[in-house]
Amino acid sequence: MKPIFLILTFNFFLLAFPQSTIQIKDFDTGQPVQKARVYKHANRALLGSTDSQGFLTINDENIEKETFYIEAEGYLSRFDHISEGTKTIFLESGVQIKNNRLNAENLIIGMIQKEKINHPHSLHNYKYSSYTKFEIDADSLSMSYIENPEKRKDRINNKVKKALKNNMFFLAERSMDHLFDEKLGEKNIITANKISGIQKPVYEILAKELRRNELPEFLEIKNLKFYRFRLLDSLTLHDKKTYKISFYLTRQYNKNTSSSGTLYIDAESLALVRYIGSIKNQWLYEYNVERESRTGVWMTSREFIRIIFPLTRILNKNTTGTQSWATISTLYSGFTYPVTFSKEEFFGYEYEVSKDFWNNEARLEKVRQPALTLRESQTYSAIDSVAHNYHLIKKMQFLSPLLLGEVRMNKVNMDLFNSIRFNDFEGLRFQLGGRTNYDFSKDISLKGYTAWAAKDQQLKYGAGIDFFVNKINNGKFSLLGESDVNAAGKNRFREYGAIENVRDQTNNLSNNIYYRYKKGELQYQQDFFDYFTASLVTDYQTQKSLFDYSYKDNLVSKEYHQFASSLRIKFTPFVKYMKTPINKIAIEDEMPYFFFNYTRSWKAFSSDFEYDKFDFTTFFNLKNRWGNTKITANAGFISGKTSLFNLYEGFGVVKNGDNILKRFELKGYNTFETIHPGSFFASKYVAFFITHTFKDLRVWGNKYLYMTLVYNGMIGNMEHKELHTLHSYTVPDKYYQEVGIEFNKLISIFGLGAYYRLGSYHSGNFEDNLYIKLTYTLFK
Numbered sequence: 172m173k174p175i176f177l178i179l180t181f182n183f184f185l186l187a188f189p190q191s192t193i194q195i196k197d198f199d200t201g202q203p204v205q206k207a208r209v210y211k212h213a214n215r216a217l218l219g220s221t222d223s224q225g226f227l228t229i230n231d232e233n234i235e236k237e238t239f240y241i242e243a244e245g246y247l248s249r250f251d252h253i254s255e256g257t258k259t260i261f262l263e264s265g266v267q268i269k270n271n272r273l274n275a276e277n278l279i280i281g282m283i284q285k286e287k288i289n290h291p292h293s294l295h296n297y298k299y300s301s302y303t304k305f306e307i308d309a310d311s312l313s314m315s316y317i318e319n320p321e322k323r324k325d326r327i328n329n330k331v332k333k334a335l336k337n338n339m340f341f342l343a344e345r346s347m348d349h350l351f352d353e354k355l356g357e358k359n360i361i362t363a364n365k366i367s368g369i370q371k372p373v374y375e376i377l378a379k380e381l382r383r384n385e386l387p388e389f390l391e392i393k394n395l396k397f398y399r400f401r402l403l404d405s406l407t408l409h410d411k412k413t414y415k416i417s418f419y420l421t422r423q424y425n426k427n428t429s430s431s432g433t434l435y436i437d438a439e440s441l442a443l444v445r446y447i448g449s450i451k452n453q454w455l456y457e458y459n460v461e462r463e464s465r466t467g468v469w470m471t472s473r474e475f476i477r478i479i480f481p482l483t484r485i486l487n488k489n490t491t492g493t494q495s496w497a498t499i500s501t502l503y504s505g506f507t508y509p510v511t512f513s514k515e516e517f518f519g520y521e522y523e524v525s526k527d528f529w530n531n532e533a534r535l536e537k538v539r540q541p542a543l544t545l546r547e548s549q550t551y552s553a554i555d556s557v558a559h560n561y562h563l564i565k566k567m568q569f570l571s572p573l574l575l576g577e578v579r580m581n582k583v584n585m586d587l588f589n590s591i592r593f594n595d596f597e598g599l600r601f602q603l604g605g606r607t608n609y610d611f612s613k614d615i616s617l618k619g620y621t622a623w624a625a626k627d628q629q630l631k632y633g634a635g636i637d638f639f640v641n642k643i644n645n646g647k648f649s650l651l652g653e654s655d656v657n658a659a660g661k662n663r664f665r666e667y668g669a670i671e672n673v674r675d676q677t678n679n680l681s682n683n684i685y686y687r688y689k690k691g692e693l694q695y696q697q698d699f700f701d702y703f704t705a706s707l708v709t710d711y712q713t714q715k716s717l718f719d720y721s722y723k724d725n726l727v728s729k730e731y732h733q734f735a736s737s738l739r740i741k742f743t744p745f746v747k748y749m750k751t752p753i754n755k756i757a758i759e760d761e762m763p764y765f766f767f768n769y770t771r772s773w774k775a776f777s778s779d780f781e782y783d784k785f786d787f788t789t790f791f792n793l794k795n796r797w798g799n800t801k802i803t804a805n806a807g808f809i810s811g812k813t814s815l816f817n818l819y820e821g822f823g824v825v826k827n828g829d830n831i832l833k834r835f836e837l838k839g840y841n842t843f844e845t846i847h848p849g850s851f852f853a854s855k856y857v858a859f860f861i862t863h864t865f866k867d868l869r870v871w872g873n874k875y876l877y878m879t880l881v882y883n884g885m886i887g888n889m890e891h892k893e894l895h896t897l898h899s900y901t902v903p904d905k906y907y908q909e910v911g912i913e914f915n916k917l918i919s920i921f922g923l924g925a926y927y928r929l930g931s932y933h934s935g936n937f938e939d940n941l942y943i944k945l946t947y948t949l950f951k
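Just so we're aligned, residue 172 is where the sequence shown starts under our numbering, counting upward by one.
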């Protein structure tokens, strides 16, 4: 919901001059620590030392935003945040025996080991409902008005502040039904939703989900080493003996983040009953999660999250601004076990929306606990009025498709990312295209584009229509006609997303090995389960070389014909989607991804080629203590005879030049940075691309070093090499490899990378193997 509150709350900024009293105690004994020194983390300015009782009072106008460094003789130093009011901070002795800590850690490990037993999924089936309320509010008493405003923005400032006295900035509600069956799986259905200022659903917002009945990330075994735990006491909670354990994040993990809180663990079942705490980085997050015992398992009953943040727009230097916060509260109810389900109730996607969910006031009224206050009730009408007067609804509808690289214009979404492109064959390419959206029709979508390039000065175009059938499984029947150009050996067998499409455009900046094609295509695509998509494709196309190349000693100008059919499969086992009336949206997007394609080119309808083609691509993302490792693996095999257009090119992106500076250009995406385009071709190959990005390394102040290591490898072979003449190329029948190092985001999104060719294709001259390139970090 972040885009909404950024729009609705742009008129205010933070004002806080709080006072805080802290008491510092020994982590093991609970005794006060005197002469403990407290510093600001940013500049190590000493704020004071604790007295004989461990107390220190701090006056600082930025206390909510600061991270503090605390040290005392004989104790391990630590980082923490300090809120307004009174807070106790524990320091750990470097010499005392940590019996309490060991006892606490043993309890936590036992709790983690028994989590599966205590989790609701240990039941055969169950169902329950949830009600979530999201609010953004501010302290209206701390606001001041601009006297005699002359500028329009000042008048708006005063109007919004006046409205704030009786209303919140933002309010939204959502109710859901949650179903589970050990054989049928999970089902989560949004049954009602209401958002202030929004008259039509914004499905990307609905996809944001809380962690339900899951342990917080810091209680995973691999993360325990970053925290200190202390058994404080035992008490009675829910008529049961419960252990109380305090914790805090140690400085070895992240000096810019502090985290601390309290855990409550049931003594009998070792289930996590409650956890409260706070996290301080750029903003301050406070949370409180409670669980209750239901039929022998522990079910989350209530969640509360409070985020304190500054509203940073300054409209006038004399305006004092406000303290602001967002709260997300969820109440779970109606837990039922056992339950009898039918298969039809779980048919489709794990996350869906009911047909009449939007602004369903009657359904929300049934689940609201407690009922809306007068201030909350007035917020809906007030924010709806503001959104209407300042056209915020149209702006939201305009901005939302940008996630897909589109700009919405009434019933048409215009293609933004492909409007201007560049490659060495076409030069600058200008393209105008788009598709009709859901407002045009719920059953069909028209699409098309036209393009013209400055270098070849040829018109390109394409048009098609999608028929949405079998909507519950995202079925789509498509017709497409196209006349365009493509890089030889770079035939796509899978659909690219908007971000990947932008990245791919950098791969042909220095490529002039192109052919022209005209084709007609018929496709049917459907999802199977949540993670499996299959497409059947039939196409007929003509192909003509636009570079110096001959197949079977024919003239360069010969036009070849191909009739082919394909089966394309996409398998994403860890991606979870939410089905909406419009499309599906990924709510949990995790690798690995797997793509498989089988193509058969038939000797029919005057086709010049007959072959079988198999393609495979996979993406992995491995997070570890040293950073993040990404692996892309590609493999392909062709049995039969066809032209270079349909074979495999060697992923080259190198600019021609006789020295390092003349070869300087933008790096590619999953490419070889030391190979020239069109210099390698194969009929079968294996290639992989490995990058390891280290954790951000702080150099000085707020400056960080973003370093990535690169290793790429490829090997291949070619059958019927004698069929291809005129164009000079090499077959990668020996193992090709290169290494690289990148220093990213040196200036804004740009950095520098150095890449070096190794192994069998290494030349004797050092400079001939070294390539320096401009890197970019536009997307993670």
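No lab work stands behind these hints, which were simulated from the structure alone. All C-beta atoms, glycine included, are put in the ideal place defined by N, C-alpha and C. One or more hints might be untrue.
Label pairs and their in silico Cβ distance ranges [as the list claims (entries may be wrong)]:
#, residue 1, residue 2, range
1, I912, L693, 27 to 37 Å
2, N230, S293, 45 to 55 Å
3, R869, F790, 50 to 60 Å
4, K412, S220, 35 to 45 Å
5, E730, E938, 40 to 50 Å
6, P752, R869, 23 to 33 Å
We went through each hint and held it up to the structure:
1. Separated by about 47 Å at the C-beta atoms, I912 and L693 break the suggested range of 27 to 37 Å.
2. Between N230 and S293, the C-beta spacing of about 52 Å keeps the proposed range 45 to 55 Å intact.
3. Checked against the hint of 50 to 60 Å, the C-beta distance between R869 and F790 comes to roughly 30 Å, which is inconsistent with it.
4. Checked against the hint of 35 to 45 Å, the pair K412 and S220 passes, with Cβ atoms roughly 39 Å apart.
5. Remark: the range hint 40 to 50 Å for E730 to E938 is upheld by a beta-carbon distance near 43 Å.
6. Between P752 and R869 the Cβ separation comes to about 47 Å, which falls outside the hinted range of 23 to 33 Å.
Checked against the numbered hints given earlier, the structure breaks hints 1, 3 and 6 and satisfies all the rest.
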